[in-house]
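> What follows is each chain in one-letter form.
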Amino acid sequence: MVFSSISFLYYFLPLCILCYFLIPKKFRNFVLLIFSLFFYFYGESKYIIVLIFSCILNYYSGKLIIKYPMQKKFWLIANLAINFGLLFYFKYFNFFITNINALFHINFSLFHIIMPIGISFFTFQATSYVIDIYKGKIQPAKNVFDFATYLTLFPQLIAGPIVRYETVSQEMQNRTTSVSLVASGLKRFIIGLGKKVLLANLLGAFATSLETIATPTILSFWLKALAYTFQIYYDFSGYSDMAIGLGLVFGFHFLENFNYPLIASSITDFWRRWHISLSTWFRDYVYIPLGGNRAGKLKQMRNILLVWLITGLWHGASWNFVLWGLYFAVLLLLEKFVWQKFLDKHKVFAHITTFILILFSFIIFQTESITGIGLFFKNLFNFTLPFTNVETNFYLRNYLVILLLAFIGMGPWIKNLYNKIATSKVGKKVLIVLEPIGLMILLFIITGYIIDDSYNPFLYFRF
Amino acid sequence: MKDKLTILCILGPMLLFCILGIMKPADELSLEERRKLEQVPNFSVESILNNSYFSKWTDYLTDQFPYRTFFRQLKGTISLNLFQKIEENNVIQIDNSLYELNPTINEDSINYFTELLQETLDKYNHSSHVYYSIIPDQIYYVDDSQIPKLDYKKLVSQVQTAFQNYSYISLFEELNKDSYYQTDIHWKQSALQDVVQKLKTEMQLPTSNYSWTKQEVTPFYGALKSRIPNNIKAETITYYTNDIIEEASVFNYEHQQFEKVYQKENIHHLDGYDVFLSGASSLLFIENKMATTNRELIVFRDSFASSLLPLFIPDYQKITVIDLRYITSDYLENVEEINWQDTTDILLLYSIPIINNSFTLK
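As given, the protein sequences belong to chains A and B, one line each in that order.
Per my numbering: the first sequence = residues 362 to 824.
Per my numbering: the second sequence = residues 551 to 912.
None of these hints come from the bench; they were simulated from the model.
Small disclaimer: the values here were computed from a predicted structure and weren't measured.
There may be inaccurate statements among the hints.
As the list claims (entries may be wrong) - Simulated pairs of lysine to aspartate or glutamate, DMTMM-like, Cα-Cα distance not exceeding 25 angstroms:
{"hint": "1", "chain 1": "B", "residue 1": "K748", "chain 2": "B", "residue 2": "D693"}
{"hint": "2", "chain 1": "B", "residue 1": "K554", "chain 2": "A", "residue 2": "E796"}
{"hint": "3", "chain 1": "B", "residue 1": "K814", "chain 2": "B", "residue 2": "E804"}
{"hint": "4", "chain 1": "A", "residue 1": "K407", "chain 2": "B", "residue 2": "E588"}
{"hint": "5", "chain 1": "B", "residue 1": "K552", "chain 2": "A", "residue 2": "E796"}
{"hint": "6", "chain 1": "B", "residue 1": "K606", "chain 2": "A", "residue 2": "D814"}
{"hint": "7", "chain 1": "B", "residue 1": "K554", "chain 2": "A", "residue 2": "E532"}
{"hint": "8", "chain 1": "A", "residue 1": "K776", "chain 2": "B", "residue 2": "D553"}
{"hint": "9", "chain 1": "B", "residue 1": "K699", "chain 2": "A", "residue 2": "E572"}
{"hint": "10", "chain 1": "B", "residue 1": "K703", "chain 2": "B", "residue 2": "D658"}
Build out the structure end to end from the sequences listed, making use of the hints.
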C-alpha cells in the first residue's frame, strides 16, 4: 500500500488511528503489528512470508548472541549471511548472472525474481539491530512481537527512514501520546504528502513530457535534469516527512532523514543532509569498522571508495547506480584532499557548483544505461541542437509555477517565514484557525490529484 | 485549541469520507469520464498471489470515492489557476474550444499502419481503385505559434511514400477549426460539404443534387469536456438525412441485426457520437435500397467516418465499413458478405491520432 492512495488515506489510516487510540495501551503495539502486516500484505501479498521470516530470524539471532556470548561472532556472521544472502538473491542475483554471462560469454538463464518491496530498508534495520546487540549497545527486544512491531512498523516499512532499534527501543515499551504530538504528526504527514503528490508527481510529469518531445533541445535536457533532481528530492523527502509524521501520531520520534540537501555547500555537506539514516548507517556499520580515517590516507581513500560503491549498489542492481556511488566517492575524495578549503572561502560558488554536481548525479541515477548517461551529458552541451523550441517553451511555461515552488521549497525559507509569523502576536492568533483549515484544503487538493490520476479517458480505448 | 482543530480538520474528513465511502452504493459508469468504473474485485488465491486483488481494490476505492467529480474539478481548477498550467490531462482550451495535444510523431506507428493496410489490401483487393485520406486533428488549424504541433508534413509524406500505388485525396484545405466540435475530437457532419465535394470529385462520382433535411440532437458533451475545467455549454449534433438514407439498411455484423443510419437516442451513450452509424462497430454493411447505381465501396476507417459515410449512401449501392480496431484483417476472409470482387472503390479514411497511435489496429 502506498501513502498517496485513497485506500491508505481514507480507509487504512483513519481506521488504524481509531483502533490504536480506542484500545488499551498495553495492546497498542499489537494493533500496530496487525495493521503493519496488513499494510505489507496489501501491496506485496506473497512476500509477507519474507518479512515474517526476517522478524523471526533477527529476533532469535539477537537472543542467541546474548545467550551464547562465547559464540556470538558465529551467530552474528550466520545472521548477516542469511540477511544479505536474501537481499542478494532478491535484488542482485539476476544482475550478477547477467554480468557473469557478459564477462565469460556464457548463457546462464535468469531467474524470474520480483524483489519484495522495502527489503533493502528492513534488512538494514534488522542487521543494525543484531550488530548493536553484538556490540552490547542495546538490549534485545522483550519478545518477538515487539521486535516484529519495530521491524514492520508501517510508517517506515517500505521506504525508510532506516530507524535503528536504539532510536525507538524506549518508545517500544513506553511511549506517550498527546494531542499536540498527534496534531504535529498529522501536519507533517499532510505536508509530506503534498510534497509527493503536488510537487514530485508533477515534476515527474514534466520530465516525462520533456522526454517525449519531438525535437529535443539543449534547454530540454537541462530542464529534464532539474525536474529529475527535484522529483527525486520531493518524492523521497516527502515520504520521509510522512513516515516521521505518522511516527509522531503513534508516539515514535524517528530521526530526521533530510535537511535541505539541495542547498548544500559541498558534496560532503550534501551527504550530511540527504538520506541521513542511510549515510549514517554506512558510516557506523561499514566505514568506521573498516578503519574510517584513522588508518592513513590510502586506507581512508579505499574506505571511501568501498563505502560509496556499496551505497550506489544499495540503490539498485544496475551499473548506473555503481557509477553514481563512485561519482560521489571521487567528488568526496577531491573535496577532502584538494578543494574543500577553496569551497569554504567561496560560498556562493560552492553552493552553485554543488547544486550542478548534484544535478549531474541524478542524471546518472535516473538513466539506466551507461551509453544513455553519456548521451545525456553530451546533449547538455550539444550545440548542434537548437537551444530551445516551441515544445520546450510550452512545457516550461506549463510547469513554471511548479518549478518555482520546487526552487522555493529546497531551502528553509518557507519554514523560517512560518516561524516568524507563528511567533508574532497576531500571527499566532490567526494561525489557530487558518493553519488547520489550510491543512484540510491541502488534503482535499491532494485527494483531487490522487483521484484524477486514475482518470483513464474512454477516448483512448475507442478512438 | 490549534492542535485539536488540526486533528479535527485532518482526521475528521478522513473518517467522514471513509464512512460515506462504505455506505455509498457503487456506481457502474462515469458519464463524465465516459468509462466504466471499477467494481468490487472477485477474490481468488491467484489474484492475491499476483497482487492484482488489492490493486483492484485500490482502483475500486478511488473510482467509487464519494464526490469524485467535485474532487476532479477541484484538481483541474487548482492546476489551471494556482499552478498556472496551460494544459490539463493533455488538453488545452483556446477561446471556446478544447484541443488535445499530440505533438510527437510516432514513426513506428505510421509504419505499422501503412504495412497493415497494405498487407490487407494485397490479400483481398482484386481490382478496385484505392483512395486514401488523412484527417487532420483540429489543433492543426490553431493559429498559435506557441502551441506545439505534430510535424504534419512529415507524417503525410511518410504515408504517401508507403501508399504510392493508391490515390491520395488531401482534405487539409477543406477543413478549418470550426469543422470540429468544441469539446470533442471529431468533425461535425454539418461542416463537411467541402470534404464530401472533394472526395466525390477525386473518386469520380457523378454529380448529384439530392435534397437534405437538417436534424438536430442535443445535448452533446464531447470526449474532451471533462478532461479540463471549462464553461463550454452542451453542443448540438446536426445531421443531414433524406429518403434514401431513411430507407437504407445498416447491417451490424457484430450485433447480427439491422440498425438505422442515425440513432438519435444514442446521444445518451457514453459517447454521444454514437448517433452516427451506432458508434464503434467492427463491420457494417450499408445498403441503399433506392440505388440507381451498382457502385460499391469498401471503407477502412476510424470513428470520423461514421458521420461522413451517410452522405455517401446515395452514391453507392452498397458500402462496407470495416474498423480494424475491432476486427482483425485476417478474420475478414471468413466474411462472405464482403464483396471484394465487384467493389468499385476502396477508401482508407483515417484520422491523424489513429495513424500516429495505430497499434490498436489488428
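> Are the hints correct? Go through all of them and say.
Status of each hint after checking the structure:
{"no.": "1", "hint": "K748(B) x D693(B)", "result": "24 angstroms, holds"}
{"no.": "2", "hint": "K554(B) x E796(A)", "result": "12 angstroms, holds"}
{"no.": "3", "hint": "K814(B) x E804(B)", "result": "20 angstroms, holds"}
{"no.": "4", "hint": "K407(A) x E588(B)", "result": "24 angstroms, holds"}
{"no.": "5", "hint": "K552(B) x E796(A)", "result": "8 angstroms, holds"}
{"no.": "6", "hint": "K606(B) x D814(A)", "result": "15 angstroms, holds"}
{"no.": "7", "hint": "K554(B) x E532(A)", "result": "24 angstroms, holds"}
{"no.": "8", "hint": "K776(A) x D553(B)", "result": "18 angstroms, holds"}
{"no.": "9", "hint": "K699(B) x E572(A)", "result": "16 angstroms, holds"}
{"no.": "10", "hint": "K703(B) x D658(B)", "result": "16 angstroms, holds"}
Taken one by one, the earlier hints all hold for this structure without exception.
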